[in-house]
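2 protein chains.
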Amino acid sequence: MSDLDGFCQNAFSDLNSLNQQVFKANYAVRGALAILADEIQDDLLENPSSYPFSEIVYANIGNPQQMGQSPITFVRQVLSLCQYPTLLDHAEEKWFQNLFPTDVVQRSKMLLKESGSLGAYSASQGIPLVRRHVADFIRARDGFDCEPSDIYLTSGASHAARLIMTLIIARPTDGVMVPAPQYPLYGAQIDLMSGSMVSYSLSEENNWDIDFDQFKKSFDEASKKGINVRLCVVINPGNPTGACISENSMEKVLRFAKAKGIVLLADEVYQNNIYQNKFHSFRRKLGELREKEPDNHWDQVSLISVNSVSKGQFGECGQRGGYLDVVNIPEPAKDQILKLATIDICPPVAGQLLVDMLVNPPKPGDPSYDLFIKEVDEIHEALRLQCRQLYEGTKRMKRVSCLEPHGAMYLHPSVSLPEKLITTAKAQKIQPDEFYAIELLKRSGICVVPGSGFGQPEGDYHIRITFLAKGTEYIERFVKAHNEIMDLYE
Amino acid sequence: MSDLDGFCQNAFSDLNSLNQQVFKANYAVRGALAILADEIQDDLLENPSSYPFSEIVYANIGNPQQMGQSPITFVRQVLSLCQYPTLLDHAEEKWFQNLFPTDVVQRSKMLLKESGSLGAYSASQGIPLVRRHVADFIRARDGFDCEPSDIYLTSGASHAARLIMTLIIARPTDGVMVPAPQYPLYGAQIDLMSGSMVSYSLSEENNWDIDFDQFKKSFDEASKKGINVRLCVVINPGNPTGACISENSMEKVLRFAKAKGIVLLADEVYQNNIYQNKFHSFRRKLGELREKEPDNHWDQVSLISVNSVSKGQFGECGQRGGYLDVVNIPEPAKDQILKLATIDICPPVAGQLLVDMLVNPPKPGDPSYDLFIKEVDEIHEALRLQCRQLYEGTKRMKRVSCLEPHGAMYLHPSVSLPEKLITTAKAQKIQPDEFYAIELLKRSGICVVPGSGFGQPEGDYHIRITFLAKGTEYIERFVKAHNEIMDLYE
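Chains H and L, in that order, give the protein sequences.
Start counting the first sequence at 1; every next residue gets the next number (full-length UniProt numbering).
Start counting the second sequence at 1; every next residue gets the next number (full-length UniProt numbering).
Only chain H is shown next, with the shape it has when bound in the complex (with noise of 0.2 Å):
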């Protein structure tokens, strides 16, 4: 037979011989649930009746604008003046006088010039104005010197531990430590790149804070197994929980870092949600300590911080923005970080000019200022309001028990589910949690995520739900739908 003639089976036919890593990664978060929720939400648009309810609610995602967040006015004007700068012809008109402030307008035309266009390449690590411009924001921020070459733009936070697990995971035994319950991007990356996850248990009793004694034990069980620990990612406002990490646990926490030389990678998205304390950088925290030990080899930690335009007041998810900062990594691993970068290119310009308005926001004085203010406030407010009366809502819920968090956008309550319900469950091979989160999404429309998706200890469920949604009335559906699903297995 020729070598043109015939057919052969290819990589697709056979599952068993794809990637098994990829199979293994699982991100409940856009998961099994989320397909249920988009089916229903099609079944509702065809018949409105078919359902107790006229539309899904998706709490399971943290998705300020789908959820009716309105974008900040300044940013959507710079950027869309960037995006049609013909518009900037006309800035002697009265009608462009009256919809564009002037610093909307030099800010666009600065942007402008830095990045050509928004349609063109950038330098892979960030059009360096921005990167200046973040790297003065951290030095304000912390009070520690930070400098533009330890500034990375990227397309988001995923996108920054995708960079850092990739070059720093490099066998089978290479451990990174995650907080259990845990967002389960850092599990799902971890796995793509056949690295060994160990879990460290946060502490539910003490408001989801690190429980120090269980790091380490969970250090030390992983040695023992061979498992060489490199990284700890550490997420501060916490994702799920929503609770701050205490200082003294991060100084812990930096302590056994330098100790056991390991590389920590802060996810410190939320660092704008915060609605009881004041958001405390790790980089801070280093910076602290080196002041006060000057000798004690401070500079052998290595920490990388991340950052994003998705979450905070901006909540510009679908515009793809953020960096990452670094502390203490050598220049050719530097240069190594940046080749990842250059493979993907760049991050999206847009994206890019939106970090700087993040981190270059408009001053006192300045047209803007005003309103940006208003409205980033007016957010906040809305934010820790819906939090509060969801968090109400939840002590009317049966065998319900939920942390007020300090911040982020989700609340993490733990149900105790009646025996009945996990029989039930067990014996359609389903999650406990999952169970109950299908039950729920069928009855009330609303969509959480189990916490099995982000780990738990064995026989403890819970649920994480955004407080994104406005107004009361689903929260009220919430109470009902639940109470209902505890009556029915009680």
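One or more hints might be untrue.
Remember, identical chains collapse to one label, so a pair may be satisfied in a single copy or spanning two.
[Unchecked claim] Calculated pairs, EDC-like style, for lysine to aspartate or glutamate (alpha carbon to alpha carbon, straight line, at most 16 Å):
(1) Lys374 / Asp295
(2) Lys334 / Asp14
(3) Lys260 / Asp14
(4) Lys225 / Asp370
(5) Lys260 / Asp3
(6) Lys429 / Glu147
(7) Lys363 / Asp136
(8) Lys398 / Asp14
(9) Lys339 / Glu114
(10) Lys252 / Asp3
(11) Lys224 / Glu114
(12) Lys252 / Asp5
(13) Lys442 / Glu39
Everything labelled a hint here was simulated from the structure, so no lab data went into it.
Given the structure is predicted, the values throughout are model-derived calculations rather than measurements.
Once you've looked at the hints, dock chain L against the given chain H.
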């Protein structure tokens, strides 16, 4: 010593402990030479007389808008309204109507309705309406069926290639065939996935077409070495060659893929950059063969094609939009492609809207149609002219032979480097073509990519140069500097 004392080196202190595949990966288009060009550009800003030219011509990257190509008005008007929908409130006012045609308003409203907001995450596979439009476009282009479920929106062709390679490369012996010369991003991604790159030489004598005997030989040699070729990349029109693959070669590659069970990945991002022939997609060729030979198991050939908004006449590189479409991939494997897309969350929404406009441009009779066509044609004609002018320039260069390209944005001339230059370069441990490119950059300010970055036979030297720069002044500088270098080393 307690767990909180002392210090220990971490992953970044020991380069050998990091993922060596990252060190191995190389993406010459944005490599050392591009960094040198940036340094010279910085020097010029400080001291404009430090070089015999006033600015760098970045002829190393296919980045049209950086080189002065204007964006398409319709596209930017729509994106401007989508960024700042408040403008739509003024649709009844005179100034608005003078600026924004009614079809721009309609398209903006439709896309805003579908996306919710540019700032909201979309479905990971992409906005459903946009995927429907892509399927319609492919169906009309090729005359064969295409379903929205076959379409995955991406942040560009590199992202698409990463998704596919991540799924298919499962072990170091898994081979991916790539053309030589190749766009080096493929080699870099194969390295990151620890796969084996299997080069097949294109035939410069035969206008850079696939030489099928060489193609088979590469496959056979790899097989003998124990490499299991699972994927084959074809680039049409070619990068860096600018050549279209003949229909005869396309058919042979498809038959071979069927006989050997090789998945095809067709990079067709230059499908609108063709200056001689008409574009013939691999998807269409596969459909034709299936129609002609219905019993010949053509449904066993899995094909993935990629397209992008970065090239063609849009040239919207920095907005990061594109798509991949698949043929004959079983559902369970498609689920895994979707899962990988999910881990990247979603492509930039503005980029997704650009895809919509790429595949569904203004129609005859629409208010924007005439200007749209005029702009597209002008860009196309300008590129054809620039290509011609640069090609003519190469004829006046000593020791250079160049094929007139069919498409893409590149010339890939062969340079017969003088022996003395080769020895000088090797003595400095630099590739001779890189040495040449550095000399050219310093003398003329023109940044090209040495052929060694794309792969070329031992002792053969090429450069890749984009023809995106306007005018002929830089061509004269290029010819002069080139001939000086030749004279110096001859």
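Which hints from the list above does the structure break, by number from lowest to highest? Going through the list in order, the structure violates hints 1, 4, 6, 8, 9 and 11 and respects the others.
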